[in-house]
Amino acid sequence: MAGAMQALIYALTRVLAFLLAGLLLGLLLGQITVGLLLALGCGLGWQLVNLYGLDGWLRARNRRAPPDLSGLWGEVVTNVVRLHRRKRYHKQRLLDVFRELRHSTAAMPDGVVVLNDNYEILWFNRMATRLLNLRRKVDVGLRITNLVRDPRFTRYLEAGDFHAPLEVPHATRDGVSLSFQLVPYGRQQRLMLVRDVSRQVALESMRQDFVANASHELRSPLTVITGYLETLVLDPQMDPALLGPLDEMRRQSDRMNQIVRDLLELSRLDAATNEAEFNPVDVPGLLRALCGDMAVRPNTATVQLQLQSDAGLLGTETELHSVFANLLDNAAKYTPAEGSITVRWSVDAGGGAQLCVADTGPGIAAEHLPRLTERFYRVDAGRARSAGGTGLGLAIVKHALEHHGARLLIESQEGVGSRFICHFPVRRVLPDSLEGSIDTTTPAVAAGT
Amino acid sequence: MDTSDLGHHISRRFNEDLEALRARVMAMGGFVESQLAKAITSLLEGDSSLGQSVALDDLKVNGMEVAIDEECSRILATRSPTAGDLRVVIAIIKTITDLERIGDEGEKIGLIASRLATMERPENKYREIKHLGRIVSTMVHEALDALARLDADSAFRVARMDRVVDEEYEAIHRQCITFMMEDPRTIRRVLDVMWVVRSLERIGDHAKNICEYVIYMVHGKDVRHTRLEDIERELQARSRKAD
Numbered sequence: 094m095a096g097a098m099q100a101l102i103y104a105l106t107r108v109l110a111f112l113l114a115g116l117l118l119g120l121l122l123g124q125i126t127v128g129l130l131l132a133l134g135c136g137l138g139w140q141l142v143n144l145y146g147l148d149g150w151l152r153a154r155n156r157r158a159p160p161d162l163s164g165l166w167g168e169v170v171t172n173v174v175r176l177h178r179r180k181r182y183h184k185q186r187l188l189d190v191f192r193e194l195r196h197s198t199a200a201m202p203d204g205v206v207v208l209n210d211n212y213e214i215l216w217f218n219r220m221a222t223r224l225l226n227l228r229r230k231v232d233v234g235l236r237i238t239n240l241v242r243d244p245r246f247t248r249y250l251e252a253g254d255f256h257a258p259l260e261v262p263h264a265t266r267d268g269v270s271l272s273f274q275l276v277p278y279g280r281q282q283r284l285m286l287v288r289d290v291s292r293q294v295a296l297e298s299m300r301q302d303f304v305a306n307a308s309h310e311l312r313s314p315l316t317v318i319t320g321y322l323e324t325l326v327l328d329p330q331m332d333p334a335l336l337g338p339l340d341e342m343r344r345q346s347d348r349m350n351q352i353v354r355d356l357l358e359l360s361r362l363d364a365a366t367n368e369a370e371f372n373p374v375d376v377p378g379l380l381r382a383l384c385g386d387m388a389v390r391p392n393t394a395t396v397q398l399q400l401q402s403d404a405g406l407l408g409t410e411t412e413l414h415s416v417f418a419n420l421l422d423n424a425a426k427y428t429p430a431e432g433s434i435t436v437r438w439s440v441d442a443g444g445g446a447q448l449c450v451a452d453t454g455p456g457i458a459a460e461h462l463p464r465l466t467e468r469f470y471r472v473d474a475g476r477a478r479s480a481g482g483t484g485l486g487l488a489i490v491k492h493a494l495e496h497h498g499a500r501l502l503i504e505s506q507e508g509v510g511s512r513f514i515c516h517f518p519v520r521r522v523l524p525d526s527l528e529g530s531i532d533t534t535t536p537a538v539a540a541g542t
Numbered sequence: 004m005d006t007s008d009l010g011h012h013i014s015r016r017f018n019e020d021l022e023a024l025r026a027r028v029m030a031m032g033g034f035v036e037s038q039l040a041k042a043i044t045s046l047l048e049g050d051s052s053l054g055q056s057v058a059l060d061d062l063k064v065n066g067m068e069v070a071i072d073e074e075c076s077r078i079l080a081t082r083s084p085t086a087g088d089l090r091v092v093i094a095i096i097k098t099i100t101d102l103e104r105i106g107d108e109g110e111k112i113g114l115i116a117s118r119l120a121t122m123e124r125p126e127n128k129y130r131e132i133k134h135l136g137r138i139v140s141t142m143v144h145e146a147l148d149a150l151a152r153l154d155a156d157s158a159f160r161v162a163r164m165d166r167v168v169d170e171e172y173e174a175i176h177r178q179c180i181t182f183m184m185e186d187p188r189t190i191r192r193v194l195d196v197m198w199v200v201r202s203l204e205r206i207g208d209h210a211k212n213i214c215e216y217v218i219y220m221v222h223g224k225d226v227r228h229t230r231l232e233d234i235e236r237e238l239q240a241r242s243r244k245a246d
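The listed protein sequences correspond, in order, to chains A and B.
The numbering used here numbers the first residue of the first sequence as 94 and each following residue consecutively.
The numbering used here numbers the first residue of the second sequence as 4 and each following residue consecutively.
No lab work stands behind these hints, which were simulated from the structure alone.
Hints are not guaranteed to be accurate.
To be verified - Straight-line alpha carbon distances no greater than 27 Å define the calculated BS3-like cross-link-like pairs of lysine-lysine that follow: (1) 244(B) x 230(A); (2) 63(B) x 133(B); (3) 230(A) x 224(B).
Isolated chain B (complex conformation) (with noise of 0.2 Å):
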């Protein structure tokens, strides 16, 4: 299916019903992105007001949420959407609880942050949070794009991405355990930095999930909890099928 599908409903309303919802998730996944974006720099620059900022903010992802989803509800009631369509909302329901948890990783990102503010800066600035950082954010934003152009392969191109963020993490974990071992001082500033990291791998985890629901909102299949390799082989399965 592809955006031009949408535009062949009997139901104009309806057309632009669901071309309305989609552009409110992508303001919706626009205003997470940012907030993710602010919390790591509050972090990097030791921006305690920006941290502060962010956290406040999340209300607002949060109100984000909540309306989109009654959208959602009043569209499946009123217009009690068949197959692609029903797969669309679905799809929308399932992602905006992901974005959602997103931002709530980016409040904690910030509230640590802003307290890490007045802690002495380790001397590596936080090096390894930025590369980290880089990488889920692209993450996000990737599988935001995906859900735009409702393109299973970039979807696919990012979920692979979260072994990469997996593999960091595990290395962060074992090096934050050094620096706690060589310094026990540092203990305290490690373990918020440990947090930092864990919110960090959740959001490449929701970024994954956003992913699978493209997945499923393209091809009616739903891909949680499969290898990457069957994925991939069902996606190749179905793109030489369309050929």
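Here chain A stands alone, though its shape is the one from the complex (with noise of 0.2 Å):
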């Protein structure tokens, strides 16, 4: 500030001086007026040409020595070149940080790509070139969908949810799988993370061969168990003392073959990489016998079947048969003889359909709920071991149901029951109008029941 004042202080004696050098010249000359006009154009020529340098600096300032001016002009010059300086110093910083970043996310194991909202490339980094064949400055601007084409990844991106990752194979190189996942952030941009996951989707296919072979091998051993057993039990020179064990011993072996049989279907399922097929099956039907068949059980709640729809599924009959079978089995299991089961099959407004199983048994703990479709997840292992059940059941029902594009909510109140409802989608349904095309199933489905 002091600088300052200074500056003024001197670049105003200056104009005092010129002022009086023109006002002598003009005295001299006899012409005051002329003197001082004189000394005025020449300060303000001065004052221009301190400009003009100024400005010339300020244009290549990065190139050029900064002018050696006086006065407030030097003061003015000064102040330019720290303001540049501090400007370069955070520039320089800002962008070493962003390099930094850049780098780091270039060197990034898992390939990364930023969109914007229209889904075109922005930005990627070195693996994604590797792992999508892109290509570094060409494909920026291309929307993504047309260099990665995989119609499942299409899909992927107009359902727009992207809680979880999509696992796809790359299309031209053989055993390699790519895992997709999207992540919106900022102003309608996404981040696309892109990994290799063949490593787990080996494993996990080596899995499910695994548990395919280990069921199909105890399966003859199995059978040939049971057929002893059998008739042992028929023998009728048996010591009577042994038939009790005898007895026992058929019972599990039935039990270990509906586990094979259990494991066996739910590897199917597993295989099954395309959708189930688009078979008219007449459910209204299916569950009817289902219903029949559980009403000469003994000791079973009573069974309520609401038809509130006529309409049928398009799917695999098999599937279903096995969805509706374990879940009326499930609710006759957990409900006490006293209790009731009710059975609802309705079509909702908007064009899906709905299958419910509410039942007024014990009801589940909302921990359990979220693992209930898990493997041999057991709610209270000693009971269900006892009601006889393989503890596949509702895995089968997930993916069966998951198979058809169907989804399975469960809801429950522990003391008051459960509600197992299946919600299809509405390219699922059959309209009731196709009746006819359902009458001539009929009779397969009363033989598969």
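Dock chain to chain to rebuild the complex, using the hints, since each chain is given by itself in its own frame.
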């Protein structure tokens, strides 16, 4: 501040000096006005020259040294230089941080692609070039769906539900699987993470194969054991004291058979990559037959069947049958004989269909609900085993429903009862108008049950 | 011409129309690619239901072709594009025809696969088809990549791959004849295999056609029925001029 004050005083003195010189010149010439005008003109000219110099330097300040100006002009130059230096320092620091960030994302082991709201590529890292065969510079601005064209990927983007990653086999490389995950961020931008999950996929398929093969291998020895046990139980010369244990052995081997069958069914559903076929299935007929079977079982709660719609489904009959049978079976197992089970089949306003199996059993505590469809998951280990379940029923239900694009909802309140709801999407629902075609399949349904 | 050229239109709507059209063609291409992959898998793994589903889904490819065709006519009628834009629309009309044919060949392979699944499988597990199938799928994939990037050079490289396919086709042909002479009981199966190989070879041709449209789109030069060497010379001359 003091420097500026000094400069101002200096400048003012200079103006005064100019004016004084002009006055003297005017007195010499005898024309004061002309002298003063001349002095002012010179002063103005000098200022203009300085201003011009400053402007020229400002335009090329990165290349030229600052002009050596005196007075206020010098002050201005010093200030500009200081400002400029500070700005350059901050810019450099920002740039360094930015570069660091870019280097770290570029070196990430996962592919990263930045997309705008139109799914056009804004930036991608080195790994993305390798995984998706992108080309640096060339591919910026292209829509990602033009280059990653797998229909499943396009559908994933269109659905807009990015909670779970999407796994897709690589377009050209055999045995390579990629996992895509989108993360929306900032202003309408999306971060796409691409990961090579070949190893996980290979392990998963090895696990599936192992379960399938193991179940298959277990089946033949089991058949032999069951066969012998059956003949032994019926043998009249059998020691009566052994009959009890033999009967138990037979029951347990039957259970093992059931587990193996369920495991095989599960691994078949696991291995199915494409959606279930679209064959017409007469759901009301199927439910009637299943509920009829339930009614004649001893010690079972009363079953109420409410058919609010005649609609059928498009799907695989054996799978739907096992879904419905498992749900009913579960309800029957956990509902006391004096309770009741309600089976409701309806079509909602949106055209989707819904099967609801409600029971008045003991209900399930909330903490168990999310894990209920896991394999061999037991809410109450002791009781479930006594009821004779395999622990795979709900896993089969879940997989079979997923295979049909349907969802399973479980609602339960302890002490009141549970509701298992299967929701089928519109494209799987067969409206009533096609009843003619359903009738032809009814006998097969009856035979199946 | 590159994609940034598309951004310089006076009419923004026209621009969006063209972009949307390209996106639809690429989506159709992606679907056809997946059909082809499924068809080959169904044959190699003897999965008859997968083969059937490929044959059924060909209807979707046909639907896409008709829809895109209509969209092209609409653009031609309402926007009267000229120069580069006109070439884009024309090339797209031609491309979707080839894509639809690739879909048809995929359908054929799927049907034959579902039939072959019920028959005894040869000892080499159709290794020759796996090999040829991989070359052809790569061709289709890269042809579509070249279309997406409007990259004439890689389009030319893909077009050159068609020679490999032809040689491979010839080799498998001879091999099949040997099989049939060795054991006449395999004739039925080998004839089916020959149909598949024939389809794959046709798909290679269609992929090559798509590449030629890409070259046409970028350089405005019709290179159909031209020898590869001439195309190469032409491309080099053009890139020199561009430099």
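Verification of the supplied hints:
1. 244(B) x 230(A): Holds, because 22 Å separates the two Cα atoms, which is no more than 27 Å.
2. 63(B) x 133(B): holds, 25 Å
3. 230(A) x 224(B): Holds, because 26 Å separates the two Cα atoms, which is no more than 27 Å.
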